[in-house]
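*Asks:* What follows is the residue order along each chain.
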Amino acid sequence: MDIAKTNVLILFAHPRFERSRVNRALLKEASNLPGVTLHDLYEEYPDFNVDVEREKELLLNHQVVIWQHPLYMYGAPALLKQWIDMVLEHGWAHGEGGNNLRGKIIFNTLTAGGTRDIYVSGGHGYTLREFFISFEQTARLCNMVYLPPFVVHGTYLLTDREAEEYGRLYRDLLERLTIVGTDLRDILEYEYLNDWLEAGKERADR
Amino acid sequence: MNNGFLHDALIYLTAAIVFVPIAKKLGMGSVLGYLLGGIIIGPFLLGFVGEEGKDIMHFAEFGVVMMLFLIGLELEPASFWRMRKLIAGTGAVQLCATTLLCFGGLLAAGFSWQAALACGLAFSMSSTAIVMQTLREKGLTKTASGRSSFAVLLFQDISVIPILALLPLLAMSSAPQTAEGHKTLLEGLPGWAQTLTLIGAVTAVVLGGRLIIVPFLRFIARIRLRELFTAAALLIVIATADLMTIVGLSPALGTFLAGVVLANSQFRHELESDVEPFKGVLLGLFFIAVGASINFRLILDNPLTVTVLVLGVIVVKAFVLNITGRMTRLSFDQNSIFTLALSQVGEFAFVLFAFIAQLGILSGHWSDMMMGVTAISMAVTPFLLLVNERLILPRFGTKEAGEEREADRIDEEQAVIIAGFGHFGSTIGRFLRANGIQTTILDNNSDTVDLLRRMGFKVFYGDATRIDILKSAGADHAKVLIASIDSPEINAELVEKIKTEFPHLTIMVRARNRIDAYDLLDAGVKNIYRESLETSVRLGVDTLVHLGFRRYTATRAGQNFIKYDEAALPRLAKHRHNQEAYIFNTREEISIQEELLTKDRADNPAINDHAWDRKA
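Residue numbers (numbering that gives the first Met the number 0), protein chains in the order written: chain A, 0 to 205; chain B, 0 to 615.
Quick caveat, the hints were computed from the structure, so don't treat them as lab data. A few of these clues could be false.
Residues on chain B that point at chain A, a partial pick, calculated with CB under 7 Å [what the hints assert, rightly or not]:
| id | residue |
| --- | --- |
| 1 | 209 |
| 2 | 550 |
| 3 | 551 |
Small disclaimer: the values here were computed from a predicted structure and weren't measured. Ideal Cβ placement from N, Cα and C applies to all residues, glycine included.
Kindly generate the complete structure, drawing on both the sequences and the hints.
*Replies:* Right, here's the structure in full:
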């Protein structure tokens, strides 16, 4: 195993993955990267009986954790919530003696049917970041570094080509995250990881 | 002889059938009913049975013999060991104190010290037959008083052996007379030899039980003829009793020992239920015989002596029992029941007095008198308990609701009974045990039982469709009965019996297939588990996964299919009866399959699962 690489764990939660074009595109290349572990929760725990010890072991072996899932009713599919409730135990992940996840990086990778302009703050609406405040707070409680989400909006409007483009972008992101020493200082200032990648590309282009 | 026997049997059985229900209706318990019946048909009142009373007594004593066999059977060494302090402590105190007080009293009344001691020992016995029967009828066997009573009775029953061994030594000073016609091995032997013979006979029963009877029963069980097993059970009892009689010992003691020896074998429940009905009838006869044998002439001739003796004995016994009860911290209610229940002189006293008279320690006149006292004290017991129950307890006692349940008592019947411990039932048993639920297990294959017992399961051997065996497995107190017998016919029969005899039990039934399930539905069973459903669907789910289905999707589809199939079951079961002349055959099964297959497409929600889809 390459010492210079950081391990990435994708906790993937999709109850209907067979119907998800975009998620398949996202995982097509990313999941085959060295140092990346794809953990398909709905495939592993169809009965919702999460193996807590196994999940803890996986977490300990990875430095970057990704909650990847479709956006269902402004949140995550039920099994991911189940995973959070079961695995992030008091005394292990947080609370007294619960510092096993300290310093690890975590973020959400989301696929949403709605376009980005729907999710605006004010009035009756909220931004995606606002909807995911509980995930952010969960990460903070566990002393993890919560990064902005990687989001694919308007999934129904995407052409296959565009979906593939997202797949490459995602692969690039994971590749950068697996390299130790990637500069993450300004990353927290962006709303989405997509924006950070975009800004980086612009910087490189200049 | 045949005529006489039939005639007597007619009278006795009629007396039982007439008087026991009357007594029951009046709330007096069956023992009192039998006794009254005996008194009424006895020589003093109607005289239907007269001089032959003694013969019948002899015959009826066989009921006592069987009862002691059963008591022995109930005495698992393990539970005996748990109760050892209670048995040795309470029992010894009761026996010694009662003997001493009676000895003192009789000595003061002018008896020789040998006679006083012998009578004291005899009087210290209480009636296991009456007490156990009464406690069982009142449902008190599991209470503190029930357990104390059992412990004391047990100690008494066991101590009859050394007492019988000791009596010849008492007789050495007085001249022994062999008045009885019976020729036994013991007679004519010097005291020490009699003692030795006794020990030898006891050893023979213990070793014989271990080495001969258990393998013998295993052999019989493999032949799988129920009546043969019943015959074997009776044979064991009779053979032991006969052996003891030949040696000159109490047959009751011999069978008690045999029972103890067999208590630890897997045939315990089966033997129990085989002997039980015989015991019941013969014990009834015994009580009738006791009633009939009360010599009212003697009592009328010496009313004062008899009254003083009866009262004296009961008061002394009750006094000692009460103190003993307090020592073991019985509550007031429990102690009152304990005190009065055991205050009579027991059936072993008949045996002892007969032996005492035979040894010449006591004159015939006095031994008749003492037997009369014994019989009267037995007859009085149910009245005393009635008075206690109706008059004393309601006034002075505290009603302790729910005090029966003590968490630390393991000997209680379990809440779950599993009938049929094959592959199906054993999985259930293992699962329940893994979750801390102990179960009572019934299985009728002695080889399986053997194996499972070696593996540490508590399995009992017996036919689960027999009411009596279900009773002895604790069906009266259990909550759930799991019918997991291989044969659907036997399972259905069991369900039928449970529904009528133990309506409080929740029945969980294994059904082999859909057809069985239909029958069970017709029988009104709610919890039906088709062994072919879940496993088949699980296999189907895994097949889908192998074909590339997402595991979660396949799992959901499987769950939905089961739900749908179970919901369709009662519908189709009703429909089945529309078909005329329903016969279970292959054609019918095929038509059911056809119906299912066509309906599946239309009804199965798993096929059209629109959850999480954008367009439904």
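*Asks:* What hint numbers does the structure not satisfy?
*Replies:* Violated hint: only 1; rest satisfied.
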